[in-house]
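S.K.: Please construct the entire structure, taking both the sequences and the accompanying hints into account.
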Amino acid sequence: MAKEYLGEFEELILTLVAALQEDAYGAAIAEELETRIKREANLSAIHVTLYRLEDKGFIKSAFGGATTERGGRRKRIYTITNAGLAMLKAMKESRVELWKLVPQLKMIGSN
Amino acid sequence: MEQEKIPFAIRLLRSFCPLHLLEEIEGDLIQKYEQDLKLYGERKAKRKLLWNVIRFFRLAILMRNKFTVYIKFMPMIKNYFLTAWRSFLKRKTVTLINIIGISFAISFLLLTCLFILDELSFDNFHHNKNFIYRVDFSVLRNGDPDLSERSTSLPLPFAHTLKAEVAGIEYVTRFDSRNNYLLINKDKYLEDVHYVDADFLKMFTLQLIEGARQSQLKNLTDIFISDEKAIKLFGKASVLGKRIDIDNTSYIVSGVFKKFPNNSSLNPEIIIRYENFPPFKKQHDDWNAYYSPVFVQLGKTTTRQSIEKASQLFCSKHIYNNSRAKNETSLVYTNLNNIHFDSEVPWLNVSNVKYSYILGGITFIVLFVACINYILLSLAGSVSRAKEIGVRKVIGASRSMIQFQFWGESLTIIAIALPISIVSLHLILPQFNALMHREIYLFQWSLFRWVSILGTVMITVGILAGAYPALVLSNFMPEKILKRNANGKFKAKFSGALIVFQFASCLTLLICSLIMFNQMRMVQTRDLGFNKEQVVLVDLSNNLGVSGKTILKNFRTELANQTGIMMISGISSDFGEIPGSSSRQDSTGKITTEYYCAVDYDFFELLKIPLVEGRYFSKEFPSDSLFHYIVNESFAKQTGGLPAVGKKIMFNPNSEVVGVVKDFNFQSLTQEIKPFAFQLGKHFNYGKILIKISPENIPSSIKKIEQCWNKVVGDGPVKYSFLDDQINEQYERYTQWIKVISISALLSIAVAGLGLLGIINLSVANRTKEIGIRKVLGATVFSLILLFSKQYIRLIVVAFILAIPVANYFSTAWLQDFIYKTTVGFGEFAVPFFITLFFALLVMWSSIIKKAKTNPVEAIRYE
Chain L
0 MAKEYLGEFE ELILTLVAAL QEDAYGAAIA EELETRIKRE ANLSAIHVTL
50 YRLEDKGFIK SAFGGATTER GGRRKRIYTI TNAGLAMLKA MKESRVELWK
100 LVPQLKMIGS N
Chain P
0 MEQEKIPFAI RLLRSFCPLH LLEEIEGDLI QKYEQDLKLY GERKAKRKLL
50 WNVIRFFRLA ILMRNKFTVY IKFMPMIKNY FLTAWRSFLK RKTVTLINII
100 GISFAISFLL LTCLFILDEL SFDNFHHNKN FIYRVDFSVL RNGDPDLSER
150 STSLPLPFAH TLKAEVAGIE YVTRFDSRNN YLLINKDKYL EDVHYVDADF
200 LKMFTLQLIE GARQSQLKNL TDIFISDEKA IKLFGKASVL GKRIDIDNTS
250 YIVSGVFKKF PNNSSLNPEI IIRYENFPPF KKQHDDWNAY YSPVFVQLGK
300 TTTRQSIEKA SQLFCSKHIY NNSRAKNETS LVYTNLNNIH FDSEVPWLNV
350 SNVKYSYILG GITFIVLFVA CINYILLSLA GSVSRAKEIG VRKVIGASRS
400 MIQFQFWGES LTIIAIALPI SIVSLHLILP QFNALMHREI YLFQWSLFRW
450 VSILGTVMIT VGILAGAYPA LVLSNFMPEK ILKRNANGKF KAKFSGALIV
500 FQFASCLTLL ICSLIMFNQM RMVQTRDLGF NKEQVVLVDL SNNLGVSGKT
550 ILKNFRTELA NQTGIMMISG ISSDFGEIPG SSSRQDSTGK ITTEYYCAVD
600 YDFFELLKIP LVEGRYFSKE FPSDSLFHYI VNESFAKQTG GLPAVGKKIM
650 FNPNSEVVGV VKDFNFQSLT QEIKPFAFQL GKHFNYGKIL IKISPENIPS
700 SIKKIEQCWN KVVGDGPVKY SFLDDQINEQ YERYTQWIKV ISISALLSIA
750 VAGLGLLGII NLSVANRTKE IGIRKVLGAT VFSLILLFSK QYIRLIVVAF
800 ILAIPVANYF STAWLQDFIY KTTVGFGEFA VPFFITLFFA LLVMWSSIIK
850 KAKTNPVEAI RYE
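These protein sequences, in sequence, are chains L and P. Per numbering that gives the first Met the number 0, the very first residue in the first sequence carries number 0; after that it's consecutive. Per numbering that gives the first Met the number 0, the very first residue in the second sequence carries number 0; after that it's consecutive.
In case anyone wonders, no lab produced these hints; they're calculated from the structure. Do not take every clue at face value.
Now the in silico label distances, taken between C-beta atoms and shown as ranges [stated by the list, open to error]:
1. Tyr-4/L - Ser-14/P: 32 to 38 Å
2. Arg-38/L - Phe-7/P: 25 to 31 Å
3. Arg-38/L - Ile-462/P: 53 to 59 Å
4. Tyr-4/L - Leu-81/P: 45 to 51 Å
5. Asp-22/L - Leu-81/P: 53 to 59 Å
6. Ile-76/P - Gly-63/L: 38 to 44 Å
7. Tyr-4/L - Asn-123/P: 56 to 62 Å
Below, computed lysine-lysine pairings styled on BS3-like, alpha-carbon distance capped at 30 Å [said to hold, decoys possible]:
8. Lys-55/L - Lys-43/P
9. Lys-162/P - Lys-31/P
10. Lys-37/P - Lys-47/P
11. Lys-316/P - Lys-59/L
12. Lys-280/P - Lys-187/P
13. Lys-281/P - Lys-187/P
14. Lys-31/P - Lys-37/L
15. Lys-281/P - Lys-316/P
16. Lys-45/P - Lys-37/L
17. Lys-548/P - Lys-647/P
18. Lys-43/P - Lys-37/L
19. Lys-47/P - Lys-37/L
20. Lys-280/P - Lys-548/P
21. Lys-618/P - Lys-661/P
22. Lys-217/P - Lys-257/P
23. Lys-201/P - Lys-77/P
24. Lys-710/P - Lys-231/P
25. Lys-37/L - Lys-618/P
26. Lys-185/P - Lys-703/P
27. Lys-128/P - Lys-353/P
28. Lys-280/P - Lys-258/P
Predicted model only: the values in this text are computed from it and were never measured. All residues carry an ideal CB built from backbone N, CA and C; glycine is no exception.
M.R.: Here it is, written out as structure tokens:
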């Protein structure tokens, strides 16, 4: 495993950047977070996390084309780097490893 | 979202967001806003937008700003400091003059702040201060409100009748003090004892150290004592249950409280119940027995106006019917907050607001003088700075940058002056406190207060001093400066006007202080109509257990034929105090008042008061001690003129006037001589013994008096004073302020003089070449000096002309206090003028003569 660690929120954002591909920018990520996992996140939190991930080299960014939406402001589209992908994979594997250690119990009352 | 109208939220974002991140963040925010707009409507969406923007104000975003933007300015600011430092060094004298002047000004400013805050802090520590009032008894003379006299002495039954009959009074207490002998374990101490009612503790805020508030002063023999007095009397602060004997009654200490702070109008240290007040025991329901002040605490809903109105009825019911005072009387309620400034009524620590204004005025003048110095000096120096400004502007400095530079320079000077002034103030304060009987300390303020006050001072002085240079010098047009086309004429006029104002205010201060000085000298050396030298006054006003008359009698026998003791007599009251009076209304409605006083044999002989008519009191006439009077000239004049011998005194049909003495100033010279009648103290007690001693070997005579006192009265300490000291004490509050004003006058003159020195130095330096050329063409040193000093002499003369009416106005207002005024003549104005002129000439010549004497070749080569 790499020396770098990812926080839970960082991991979430990184995964979403990977998933959204061409459509990965601040507001879209916020929307996805809200619709998919019912998590309300503030825009500023998402932006700060994105910048941090970029500093760590897990994602890179480029401006998208100009549109007439959003008051004419360009989007900054984030894409995951190889390092980010490796990190994500490593994390997922370690989770799976750990998950295997957990005795497979049935959840009570879940049927 | 419309492009042209940028909403506040976005503008806010732009103010802190790093540029390279701005576009996407803005875009995301707007996208979110547009979503919210559909979901919630415009108002809520806008609110959400603003909130989202505010959430972006976080370190993780802020720290992404590129601070290199600011670093760009650093060399510029560094350069400002460098040039400022160079110009300070280049003109060391000017910088020094500025620093000295501004530190003086700041010292005065801080002193005034301290003084005024101390004044305002009086009695602030009482929680109920807004509801506590002192009841003043006001008498209108001739129905004229200007002639009304207020006094705090009220009849003994007043307090409780008032509370019972007038609605809206929550608590009431009488408040009086007497000098008493305290007996503790057979040791005698002379202390002030205060007599109050039990409500006193509920009204005023006493910090109890020992004892419980509820149980105190329940019993008539309870006594309260301050911690300081406890330590003085018992050697420790924990004295609950100890016994103190006063006037043959035993009291038990039931509470110890923290001594009231100095800024308090009430300062009781030993408190007992009012029922123990000696006159109260005899006359507690006598409406003619005017003794103690009364304090009331009004209910929260009662106003002063309503209670004064309600009291009017009370007043006419009790005071009119019961007293001889047929004048218009009313009750005036003075709030505890105002007692300190109510100088019409004599009270502990009372002060006149006038003095705050005087100090404020002086501060303003010193500040004014120092700031003008700064302005003048930077104007005079602007010729050499102008090029710098021109070059800066050509390179691209904006006007605001130049302003910033000059504000910065003046703030630097102030920052240097500030610590100097704090240190000097710290050194001055003990003297000031001693002079004014205050306890003001630099470190009594909280840090917050200090920071805010110093900040305000810096900004005020900075704005006053730095404004002109910053605004005017920054306005120079570079091409004009570089072409050497400064608008010199306007500057000369402007600085001339400033110098005139500067010297006019200094001269005003100087003239006023000289007039005050003369007045005080006149007051202290004036022939009062009696001989005040070598007269010892022995105080008898305490409860000694022995009547004053007996003491006097024993003194007479004990001290008879002792060497050094020349004559002995007694008087019923203090010098300066009005003993008793009687007023009548004559047929025209005018009210005349005569004053009565009891004296002993030899009184007039001892004080060398000459007779006009008749004779002195003498033991050869036994009836003298019954109803014979000696009156002064004013009395005789008021009651029908001379000859007065053989006439009767108004209210006593058996009386007879046996002598008329020349008028003498029984009271301070702030008052005119009043009609007085003196009688022998058959029915009165004596308050003072007068002993005339010979000028040789005064200590041994004093010793004899002390021995005699111990023999006659007991082992308590004798309280004595010299008559001339006591008379001078009457003028103490005037001499205090004269000292403050004259010192500040000299200081401001010194600051103005330094300023003048600086200006002339600079203008001489600027005209070095001119001097050289003039010398080459044959000018003498003297003519050069005349050339340069001529204009300044003219300015000082103009300043003097302006100062005359102003000084005259203020000194006349001040002299209004005195009945006997010094004559203000030509000298009072001329002397300060010539002193100032001489001083200014000295300053000017010393700086010109150096340049005028140098070899013209050097002068022409200058620069």
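S.K.: Evaluate each hint against the coordinates.
M.R.: Right, here's what the structure says about each hint:
no., hint, in the structure
1, Tyr-4/L - Ser-14/P: 32 to 38 Å, "35 Å, holds"
2, Arg-38/L - Phe-7/P: 25 to 31 Å, "29 Å, holds"
3, Arg-38/L - Ile-462/P: 53 to 59 Å, "55 Å, holds"
4, Tyr-4/L - Leu-81/P: 45 to 51 Å, "50 Å, holds"
5, Asp-22/L - Leu-81/P: 53 to 59 Å, "56 Å, holds"
6, Ile-76/P - Gly-63/L: 38 to 44 Å, "41 Å, holds"
7, Tyr-4/L - Asn-123/P: 56 to 62 Å, "60 Å, holds"
8, Lys-55/L - Lys-43/P, "37 Å, violated"
9, Lys-162/P - Lys-31/P, "72 Å, violated"
10, Lys-37/P - Lys-47/P, "13 Å, holds"
11, Lys-316/P - Lys-59/L, "97 Å, violated"
12, Lys-280/P - Lys-187/P, "24 Å, holds"
13, Lys-281/P - Lys-187/P, "26 Å, holds"
14, Lys-31/P - Lys-37/L, "17 Å, holds"
15, Lys-281/P - Lys-316/P, "23 Å, holds"
16, Lys-45/P - Lys-37/L, "23 Å, holds"
17, Lys-548/P - Lys-647/P, "26 Å, holds"
18, Lys-43/P - Lys-37/L, "21 Å, holds"
19, Lys-47/P - Lys-37/L, "19 Å, holds"
20, Lys-280/P - Lys-548/P, "22 Å, holds"
21, Lys-618/P - Lys-661/P, "22 Å, holds"
22, Lys-217/P - Lys-257/P, "20 Å, holds"
23, Lys-201/P - Lys-77/P, "64 Å, violated"
24, Lys-710/P - Lys-231/P, "26 Å, holds"
25, Lys-37/L - Lys-618/P, "117 Å, violated"
26, Lys-185/P - Lys-703/P, "25 Å, holds"
27, Lys-128/P - Lys-353/P, "23 Å, holds"
28, Lys-280/P - Lys-258/P, "29 Å, holds"
The structure shown violates the earlier hints numbered 8, 9, 11, 23, 25.
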